[in-house]
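Asks: Please construct the entire structure, taking both the sequences and the accompanying hints into account.
Protein sequences appear in the order of chains H and X.
Residue 7 in my numbering sits at position 7 of the first sequence, and the numbers go up by one each step.
Residue 610 in my numbering sits at position 610 of the second sequence, and the numbers go up by one each step.
Heads up, the list lumps identical chains together, so a pair's fine if it works in one copy or across two of them.
When the alpha-carbon atoms are kept at most 20 Å apart in a straight line, the in silico DMTMM-like pairs for lysine to aspartate or glutamate are as follows:
(1) K174 / D399
(2) K174 / D194
(3) K389 / D259
(4) K391 / E356
(5) K312 / E324
(6) K389 / E366
(7) K244 / D215
(8) K339 / E366
Source of the hints: derived by calculation from the structure; they are not laboratory data.
There are 2 protein chains.
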Amino acid sequence: MPSRLERANAIRALAMDAVQRANSGHPGAPMGLADVAEILWREVLRHNPNNPTWLNRDRFVLSNGHGSMLLYAVLHLSGYPLPLEALQNFRQLHAPTAGHPEFGECPGVETTTGPLGQGFANAVGMALAERELARAFNQPDYPVVNHHTWAIVGDGCLMEGISHEVASLAGTLKLGKLNVIYDDNGISIDGAVDAWFTEDVAGRFEAYGWHVIRDVDGHDADAVARALAMARGSDDRPTLIMCKTVIGWGSPGKAGTADAHGSVLGDEEIARTREQINWPHAPFEIPAEIYQEWDCREAGAEREADWQRLFKAYQSAHPELAAEFERRMAGELPDDWDKGLVNFAVSAQTGLEPLETRKASQRCLEMIGPNLPELFGGSADLSGSNGTKWKGARVMTADKGGNYYSFGVREFGMTAIANGMALHGGLIPYTGTFLVFMEYARNALRLAALMGIRNIMVYTHDSVALGEDGPTHQPIEQLSNLRTTPNLSVWRPADSVETSFAWQAAIKRREGPTAIVLTRQKTQAQIRSEDTFAAIHRGGYVLVAEQHELQAIIIATGSEVELAVAAARQLSARRIGVRVVSMPSVDTFLAQDAEYRDAVLPPDVRCRVAVEAGHPDYWHKFVGLDGAVVGIDRFGVSAPGDQAMAELGITTDAVTAAVDGLLGGK
Amino acid sequence: MPSRLERANAIRALAMDAVQRANSGHPGAPMGLADVAEILWREVLRHNPNNPTWLNRDRFVLSNGHGSMLLYAVLHLSGYPLPLEALQNFRQLHAPTAGHPEFGECPGVETTTGPLGQGFANAVGMALAERELARAFNQPDYPVVNHHTWAIVGDGCLMEGISHEVASLAGTLKLGKLNVIYDDNGISIDGAVDAWFTEDVAGRFEAYGWHVIRDVDGHDADAVARALAMARGSDDRPTLIMCKTVIGWGSPGKAGTADAHGSVLGDEEIARTREQINWPHAPFEIPAEIYQEWDCREAGAEREADWQRLFKAYQSAHPELAAEFERRMAGELPDDWDKGLVNFAVSAQTGLEPLETRKASQRCLEMIGPNLPELFGGSADLSGSNGTKWKGARVMTADKGGNYYSFGVREFGMTAIANGMALHGGLIPYTGTFLVFMEYARNALRLAALMGIRNIMVYTHDSVALGEDGPTHQPIEQLSNLRTTPNLSVWRPADSVETSFAWQAAIKRREGPTAIVLTRQKTQAQIRSEDTFAAIHRGGYVLVAEQHELQAIIIATGSEVELAVAAARQLSARRIGVRVVSMPSVDTFLAQDAEYRDAVLPPDVRCRVAVEAGHPDYWHKFVGLDGAVVGIDRFGVSAPGDQAMAELGITTDAVTAAVDGLLGGK
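Replies: Below, the structure written as structure tokens:
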């Protein structure tokens, strides 16, 4: 029977061979972690390779995503639908085995990792989701939600600031079913970490309130098995298992050095490694008996069958809860979830109350919240300012379930935790901060878009009109940054009505995240006909039709729509045919058919002015070289909001002058 | 004689009155920190209000920048050129007293703070700069560089991930002259922090290797004085002074609550506070005797005079060192610093060697480094990949001076530390990471631009052509994000020659940061005439002139310039008059006069194609509605670089087809 070491060496061989064939990749981490992974995957992790999406599986996150071959190797060996061919095509075009693990591309990959530290945060989010769902659905004798979340993190993950944010939160929240394995190999790309990473990691995590298992020899199978069992058994606090490993273990020439990290070992070194680890098999050749030992399918099927039996009994005992659990895990919305929201839009359209769109957003949440128990909100310490907390929000704590959490001043951690919650399933996260501090969380937002998950971001204080807080808080270039992010939907509503449409779209959108960008200041409610109202969902629409033959188009978003409307009124009074297009969601507008788009923006009308209190350059996509943009290409100023807007030229007069300038220039 | 408490109450009164008059701001932190600040400012900090830029002053950073009125109050009271009128105009248009402290707008403000945690990082950078300059310039009996760096940080700063990155580094580097006061008031905007911030901060900082002074009552003047003196005396490790304070101290109704944080107290509460703290004076009225007690000008002048005497003696003993110190602190470049760099450009122009622009950048550093001892480099654990380490780079450690440091995987901390180094003066920092991970550091880059400081960012692996690492590592929207950042200069050179020009511009640019965006893969060297070569510094220029009457213009940057040139060759062979404009720096090009710009891009030539392996939308600024962009509006793919480029349509054929499409469509 193959020994543990042989089974681990199968990982090592696959990793070094796949990297070698791709002539690209990171053999060091998989080779260093092979012994740990062998035990974790075969003996500890409760999963079912036959069904990678089994609802109650343990979640596993490889936060040091560059070690992707570790994950691909164990997925393949344990029987996931990932054939050897996929490993042979490691890092090749359209292979499921991308350079870094990609969610949705490869069965068993729970999240996309590579940008360091974020996998750790995702794992915190998954553990949090598990606990909230357990609190909501489990019943005496029916622990239908009951799994652990495991993560492996590297030195790089722990250097990154986000590891601090989420580890501190996990400790505060006592997420006991989170177990994190620290691959303590003392090497990062620049070499031995002694010169830049000397902190006492154990002390740091104990300060966070974690259970820390120190000094585990990551190549001593018994020690690892003991540590993982201890971690699994300790559910009052999250556990950090500190495994001392040797990067590139087995390579006589490169083990323990940065050379093993991110480059092929080379044919010669691979041959020497084969000899050293006593692995005589050809590249990609795994002896049948090793495959057999590795195969986790039978055990996994039994494990899931046990759970299915439990769930069946639960369905009998608690049919409504069971149906609701299945609905939520499937990510489906209940019937009529948006009834209140639609009604709010209608009443806002008739009520015409000027309102901060952040407050309108809060009212939307009041409408949605009662119908969507899966909605889980939060803010990076700006709950009141962001309007993310609604009346029915129940604050989650370490001891009590809820649907709202103040994440503290941790934008990046919050957003990446929300990614983890969305990935786990059963929850729809939405989180808030000021638009400018989106930047702190920026790469987590990008990963949400890349993964195509439903994660809703509420970004308030969306322009220099926020006023006195000044340029550090005033967004300029952020909107165009959001709009150029693939697969991110962005809404910047002009009033309460558009805000309702933004929320409708955001909740419905399953294939990616949505950013809802909101004002601090009051905005005027816009008057709309029934048709105009109905067109909002198209992302861009004619809000004010021309009163005379069409000469000019003013495109505006958010709080600047009222300036556009006022300018159009002035111009119209001078018998100039001008139309106002409100474009709360550029991406949604661009997704409409050409006929609609051309009807809103007739291609031959080149006198176009865009107005937005943000960087102007983006808008040339719509106004071209012949149009004009009333925007802001400098940093803001600390002053009352209206004065800041005036100082920076975002005024009705500027819009009127821009149209006049273009028409005069004809 | 006014008591300590009365002097502290002067801060409290100014803070609450200024916030009230502005009807906006944060009274809580200044009122809570007044006792600490009184001692720090009057008795501990070695500064000279007469000369806020005295070279050897202690640096002070208010990392919790929303408490700006604390800083404005002590600056005013201690005699800086900040009149009472400025405080009365707190947060008003064009006042030096912006909502958050702004570097360059107000004497005595050492850095712009507000985005939490970054001030802490700046302070680490200042302390690091101080130590490196001391190592370089101090001589026996002549400690001409010898000051401390002080910072105040709030709960929010310590929640932010960046605090972890930089505190860990400061501990590793044993930055003993850094003293950080933690305003431990237990309150953040969402309320008492117990529910989201329960970590053992002292334990955490001890794990980082800091000297921690625990349990200081921030309202017990003797305790604070003792703690600050102890911190000042302890220079082997950085010190954290943990001051327990009450936010809004003195306000009977709001002290100790989140209500005191970010809103006016209100006239009534202010009246009650005046009574409680026994401050009978009218708003903005400070009794003369309190002013007198606060006045630090005489002591400051003496302190600086002592140093000036020392420096004069140093000038006699070490004239060359003294002159060099003054040059570096003035931020002036030595004569002929760029000779090697210019020569490199010339030889690259004649040598025409294909090279990765990241390697060309490294060669530039080899040319610059020996002439610029103030250059201080680093990378976020990607030294080899970024090409930031040159042969003459001397690695800095806790014990040894140098001009290079591996910052570990800490992009945000690194960039904000570099901001602190630039702010301190005497060093020109440059740091590297992959372009996509700029996002981790994004807001520090923004602050560098806002502050207008010379901080150079080297961003390599600048497109999907980086290949197998896949979409997590492949930039798409990052270039347009950089280009829409006000006051950031961006260069994306096409070859070694343009890379040299990028470095020349970056080093010369004193008024703001520069991002140099570089390829992982080899780029072809472009052939240029003498005139063409000379035009590179204009940021955009005609690289290949049309061979026939001008019909079309192809605009390209970086590695796509060679595609544009190849396409132009094909089109030219078909007798189509096409010109290639290389535009390594859009902002530099836009700063040229209209005549030049119109000569490069004749306004009537509307058949324009831009090609860049990044998001296309930005380029409509140049190609308008009639042109076309060959770009990438989706995420990348994990595959060898050339295959990734082909898969995503960045090819010569695509450029040719785009031109044909536009011409055919005419």
